[in-house]
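S.K.: Going down the list, the sequences are from chains A, B and C.
When you line the first sequence up against our numbering, it's residues 383 to 681, in that order.
When you line the second sequence up against our numbering, it's residues 755 to 853, in that order.
When you line the third sequence up against our numbering, it's residues 88 to 722, in that order.
Certain hints may be false.
[Unchecked claim] Within a straight-line C-alpha distance of at most 25 Å, the following computed DSS-like cross-link-like pairs (lysine-lysine) qualify: (1) A:LYS479 / A:LYS561; (2) C:LYS670 / C:LYS655; (3) A:LYS483 / B:LYS852; (4) C:LYS259 / C:LYS670; (5) C:LYS251 / C:LYS454; (6) B:LYS852 / A:LYS420.
Just so you know, the hints here were simulated from the structure itself, not pulled from any lab data.
Take a look at the letters that make up each chain.
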Amino acid sequence: MNALAQAGYTTSTGEATQFWVLAVFAVAGALGTVLMRKSVHSALCLAGTMVILAVFYLANGAYFLGVVQIVVYTGAVMMLFLFVLMLVGISAADSLKETIKGQRVLAVLCGIGFGVLLMAGIGNASLSTFDGLEDANSGGNVHGLAALIFRDYVFAFELTGALLITAAVAGMVLTHREKTERTPTQRERAAQRVREGVQVPPLPAPGVYARHNAVDIPGLLPDGTPAELTVNRTLRDRGQIRDVSARALADLAAIEQRTADYQGKALEPDTPADDDGDGAVSTNAGTAGTGTAGEGEGQ
Amino acid sequence: MNPVNYLYLSALLFTIGAAGVVIRRNAIVVFMCVELMLNAGNLALVTFSRMHGNLDGQIVAFFTMVVAAAEVVVGLAIIVSVYRSRHSASVDDAALMKL
Amino acid sequence: MESLIGLLVAAPLLGAAVLLCGGRIPQIDRTGHWLGTVLAFTSFVLGLVLFADMLGKDGEERALQSHLFTWVPVEGFQADAAFQLDQLSMTFVLLITGVGSLIHLYSVGYMEHDERRRRFFGYLNLFLAAMLLLVLADNFLLLYVGWEGVGLASYLLIGFWQHKPSAATAAKKAFIVNRVGDVGLSIAIMLMFVTFGTFAFEPVMNSVGETSEGKLTAIGLMLLLAACGKSAQVPLQSWLGDAMEGPTPVSALIHAATMVTAGVYLIVRSGAIFEAAPDAQLVVTIVGAVTLLFGAIVGCAKDDIKKALAGSTMSQIGYMVLAAGLGPIGYAFAIMHLVTHGFFKAGLFLGAGSVMHGMNDEVDMRKYGGLRKYMPVTFVTFGLGYLAIIGFPGLSGFFSKDAIIEAAFAKGGTQGWILGGAALLGAAITAYYMTRVMLMTFFGEKRWEPDANGEMPHPHESPRSMTIPMILLAVGSVGAGAFFDVGERFVHWLEPVTGFEHGHLPEGLSVAMVTGATVTCMVLGVAAAWLQYGRRPVPAAAPRGSLLTRAARRDLLQDDFNHVALVKPGEYLTRGLVYLDHKLVDGIVNGTAAAFGGLSGRMRRIQNGYARSYAVSMFGGAVVLIAATLLMRAV
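For reference, chain A alone in the conformation it holds in the complex:
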């Protein structure tokens, strides 16, 4: 930090080292924000980048801003993001698969063009010297800022106050949902279920009898295929179904094989139930793995 005290053409070696090391992480965090499939990971990457930026603020003599960056951004804003992520949940929107034709190509082209041009502009600006903030920060960074905010920028400051109030009210107005109708009773819900006739009895419970009782394991239908209906919808939407039917079927097949070997009989080539079960299981396992089937329903 003492490098800041020097006016001139270069910063201290320490700052340079810090920059080069942290800049790599900052870029990595930014890329992570863009490229991570799950929003939570994106949020965490962004938080990391923001912390690194806070360090850079400090290195640039903006002590107050550096602290505010951590407190407000990394603390409050990112928390808000995570809250909303929790509210909204996970969905097909998280997929990185592009749906608009040519969008990604255009985005990359524009990005490259934008970055190159911006950097060319900066490089072209002949910024070889800099003044440093020694004089400005001589009375303390916070004091200097306060003097400016409450004197030169006081009007803008007042305006931001009004803006924040407005934003707070807007946040409440937008998210507030007035309850205009009575919550249906259990009896009414049952009656409606019968009327609709889609799923009259209660949903079946998850888990496989005597083997697994975790909520993310679907129950099996008589033919051995997993019944997704048994799993909680949120898990279904997230594609977090752990399918164990394949293993059960494999075990069954092995037992039958062994029995056949023991009895000296050739196993009948195809038992229809067995074959169907295999196919269905593999399909379902595949979909569960990529999560697309679940996401499709989630939409």
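Given chain A's structure and the hints, the job is docking chains B and C onto it.
M.R.: Okay, now just chains B and C, sitting in the frame of chain A:
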């Protein structure tokens, strides 16, 4: 090292953020990318402040943060209410001017 | 006296207004026809009063002017509603109101059983008013108003029995053919305004000398076109025969007193223009000569009594136009023939109407025969009209037609011989076809046949309201010519207006020789007709006849010619235009629309609603902006 490198970094982060805005479909991630762009801008402002030897750049960055905070509140509220009505946080699902 | 001129037009106009716009008042329904007749006679009496007044003055001072109001008071474009009553107009006024009134009287009897009689008289009055306006106007613009009014009234009257499709079609045909002529008149008036800066007769005629011959020829030809339309001259003659679909009094009115005479009036009135444009004048004489032969030939072949008379009218008007084209040596004779023709043609038509009245509206002469015993008055009056039209010495047609033939020879040179020869030939043919009509109708065996309802006709003399006009007209037919000819009375009467000079017959011809030739031709024509129709019984069905006869029955193929030369090309033009409209105009419009539609369809894909797409556009825009900024800095 010349502080101009901070500017390069700022430009890079900004570009990545902008690309993210166009590439990602999840409204929240898009929003995060916007925050990334704002932060990149702030970094540039702070660097400018240092290069020019006065605090005005930091003041602007400070205001940017305040405005960004307000924006986050409103933006996330909008995302939540859109999610309520459409059951989706994808910006592509809000492609019609009706529900 | 001047104020009476306006009343001349106002009286029949008032009748038309009351009868046509008077509403459903039973009193008018019951007595309207008498109102119309009385107003027509009022007009005639007014004309007589003015005539008497006029006779009391010297020749040069007889013209009266009556300025009603300034019609179009615009700087540089002054049109007055003003009347001029000179000897020429007076002649027409007396003819129109006189003959017109008699036809009104006749119609009272003829239209007795028609439930729309009131409307018929309204139209008749309108016809009279328009015609009077035409001949009394002191400028071409007001004349044009009368001209169009005549066209309208003739349309209404020819199509009076519009429940008959043939009548409606005939009315339409008359109107359309007349419109062609009207276009000529309107062009002529426009040319006049451009050339002379005014429409009034006097200034126009006075400044003729200062204008180039080319312009005058153009004006003259346009006026001739107008005259051809109204007077049924070749090539606009086709409407006249079909116009017989109207009630017979209408035919009489159109053929004798009004309508067809308008063209002759126009040519005589614009005489100064034609005299200064010899080419136009020559065309006038050619048109007259061609038409007089054309009409005569058509008249020979028609079995329909009214159509035969219509052909005769065409032919006689041809004489008048021929005379009018001869210049000052012919104007007076043209008008004189017009007046005498007015008498005998009206008489003939009323006679024909009387015959039809007695024969259950049968018009085919082959189904007449021997009627002289049953309708003696009609026979005598018709016969006198017949003698007049063929130019029997001493009757009115003889004097007027003979004068025209002389004038035609007097034109001199080859033209004179050709025109005179044509007129002579026309006289022979006239005698032939009129004798044919006479013989087939009143002489020979009875060839009556039951009408469409199976009723045998019971020929009888017509009521007095019909016979009195016929008698009066017969008197005119007999005496008018001699009265006019004594001491060249008529010529001197008209001289202040139209000018007059004696024609000089070419070497080797004398007046007596021409008269002798005319009478000889007439006798030959009568003899030929008698040989064909008098000596032998008339076949009830028309024989096939020669090629010329068949062509003449079809009006010398005029309709076929029009159909091939005008209607068909018009149809093709219309079809072509429709095709062009569909393919080209609509094609451009639809093509433009389709182009925009297609373009929009493609552009719409940009507007896909995805915020991210728009964001990419913004991103690209930002790139362009930065590039532009840097470029500007670099430059």
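S.K.: Look at each hint and say if it fits the structure.
M.R.: Comparing the hints with the structure gives:
no.	hint	in the structure
1	A:LYS479 / A:LYS561	violated, 38 Å
2	C:LYS670 / C:LYS655	holds, 22 Å
3	A:LYS483 / B:LYS852	holds, 23 Å
4	C:LYS259 / C:LYS670	violated, 32 Å
5	C:LYS251 / C:LYS454	holds, 22 Å
6	B:LYS852 / A:LYS420	violated, 28 Å
Against the hints set out earlier in the document, violations occur for numbers 1, 4 and 6.
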